[in-house]
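Asks: Those protein sequences? They're chains A and Z, same order as listed. Here the first sequence is numbered in this note's numbering, starting from 1 and rising by one per residue. Here the second sequence is numbered in this note's numbering, starting from 284 and rising by one per residue.
Quick caveat, the hints were computed from the structure, so don't treat them as lab data. Worth double-checking, as some hints may not be accurate.
[Said to hold, decoys possible] Pulled a few chain A residues facing chain Z out of the computed Cβ check, cut under 7 Å:
id, residue
1, ASN96
2, LEU98
3, LEU101
4, VAL110
5, LEU113
[Unchecked claim] Stretches of chain A that chain Z covers, calculated by requiring three or more beta carbons in the stretch to come under 8 Å of a beta carbon on chain Z:
id, segment
6, 45-56
7, 189-195
Yeah, the Cβ is synthetic: ideal placement off N, Cα and C, and Gly gets one too.
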Amino acid sequence: MEPIMQVEHVTRRFGDGETEVVAVRDISLEVTTGEVILIMGPSGSGKTTLLSMLGGLLQPSDGRIRIGDDELTELDESRLPDVRLQHIGFIFQDFNLLSALTCLDNVALVAQLSGISRKEARRRAKELLEQLGLGHRLNFLPEKLSGGEKQRVAIARALINQPDIILADEPTANLDSHHGHETMRLLRRIAKEENRSVIIVSHDQRIKDIADRIFWLEDGEFKNVVEMALDPVCGMSVDKVSAPAEAEVDGRTYYFCANGCRDEFLEAPEKFLVDKLPPVHKN
Amino acid sequence: MLQLAWRNLSQSRTQFILGVGGVALALLLMLALDALMAGSEKDLVAYIEGVGADIFVSQEGVKNMHMASSAITYRDLALASHAEGVISASPVLYTTGVVKTNGASVLSYIIGYDPNEPLGGPQTVVAGTTNLQPGEAIIDEAVARSQDLSLGDEVEIMGQDFTIVGLTRGLTNIVNSISFIHLQDFQALRGGEAISYALLDVAPDANPAQVAAAINARNPDVLALPTTDFSREEKQIIRDMSVELLNIMNLSGFLIGLAVTALTLYTSTLRKRQEYGVLKAIGAKNRNLYTVVMAQAALSLALGFVAAIILVWLLGQLLPLAVPGMGLTLTQTGVTRVLISALIIGVIAALTPAWQLSRLDPAQVFRS
Ligand SMILES: Nc1ncnc2c1ncn2[C@@H]1O[C@H](COP(=O)(O)OP(=O)(O)O)[C@@H](O)[C@H]1O
Ligand SMILES: [Mg+2]
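Using the sequences and the hints, build the whole thing.
Replies: What follows is the structure in structure tokens.
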């Protein structure tokens, strides 16, 4: 598949001389449509710096970043807001909703920024929020919502302009594990069913199972790339390399968390090959 | 964006009251002073315009009453009365003094007139008589009310006691009030033969300006002015004397409004710094954020302006009840001036927060 984003030899330095810090060092990455990428790493490893560059918020010191037809690193500073508005959806750790606006207006505002009329923006926002199960919260202020609801509003806001790429910075940090997991499953569903690429920065080990690829960042460099696969029986995400069991059916390889799952699968593969994920909205 | 501005403003009650109320008070200060000025100007010349004279004759060089001292002779009066077209010439004595009653003093123009002459005294009274005798005084009902005086009570004027025999209406203004005593009493107290002004009544077919010019040509010791000119001079003098004060007050009103609006905008922008950063990260342009700040400033000012107008109107209803002789008149110039001030305040007040927003680094959103 055609990569939606290409990152080539990107380096970012802060300061110079004695105090120079290389926050991100020679990173290359291709993101394909519909893919969920998880970037993990200890604090100070450069995750936020990398994500900021991918989102057009920060220019690299060296290297190139391309989104669709736009070469971010060559664009004029004043063009970046538009690229962010049209191509990227942002999801933040603290949700970062505007406290004075209702859920509906929080989402609609972002559509309006891209030039859509207020009426149409509100219509789209309402539809999107309803699909995300927030139909009963449209006119609530953010302070009246639970953490999980706030994050869903934030996701709706990230989706409203139908961006190609969704960037999420520690999206589960302020959620309990139930809501955290729900949020991640929602993001995965959106990636798969709407062909949007999702890049998540996190150090939350619990969300590993929803990623297609996991990058381990240390001192600004990728140390390890893990290809993940979903155990079709129990739904657990397993590392392809170290999976305890695998099997080939019709020329495709499946990975399992244990021999038990593989055996169950091989008895009747067709039972497990339907997509078990619930349907998601179509715009 | 406009909606965001409105919601930001109305989100917290304190913020709203500060933002709108502060501006309203500052504009009220400016508007009320203006209205007070306009209202009092009208009252200031109530005697001059209401006494019924067509021409005021005063000492050469004296063009008004307020803070002026004029002395002419009976010969000057007689000369004026013989001018072509003059029907009558009435003498009045005038000084600025106080009316004293049980310890309290009220600043007053004291006018001595002769009830047997056609002009000089009040045209009408609301109680008592205009036919004043020696030892008697006529004062304004506003003074009577504030000092709790009624007909038959005694007041001290120029060191002597007088009995109140009449009450006038509308002869109290922001600067003072007008009280009348008999010409004879005034002359006795003052000593000498001089009079202050001669009030002329001219024939209906005569032109006061021409009559005045003829008098001036004949007698270089006096100045004859048609009532309209005399009244205009009186207004001008008071305006000149208070303009400095008014300027200072208008300036302080402007500065208070500026400070309050700027401060509210500044703090509300500062408080939402994080949120504006998020908007920038998402893709809002500086232009969008300026719009919010500008709209918020405009809203504060518009609401503050409306509130100020309403408050001035209310004040205009209440003030005369509390302070006799004080009236407010909203003029178009006054309102326009305040509106322009408000606009300037808004622009200046919005500049700093707008500049702050333009400097926000959108990458800041990912750093807590
Ligand atoms: N604006 C900056 N100025 C100077 N140093 C920075 C800046 N941003 C990040 N760094 C440095 O870059 C390194 C990586 O930071 P960061 O990307 O925030 O890591 P992470 O998100 O993984 O915790 C750190 O050493 C940090 O101090
Ligand atoms: Mg970080």
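Asks: All hints, please: hold or fail.
Replies: Hints, verified against the model:
no.	hint	in the structure
1	ASN96	4 Å, holds
2	LEU98	5 Å, holds
3	LEU101	6 Å, holds
4	VAL110	6 Å, holds
5	LEU113	5 Å, holds
6	45-56	holds (count 4)
7	189-195	violated (count 0)
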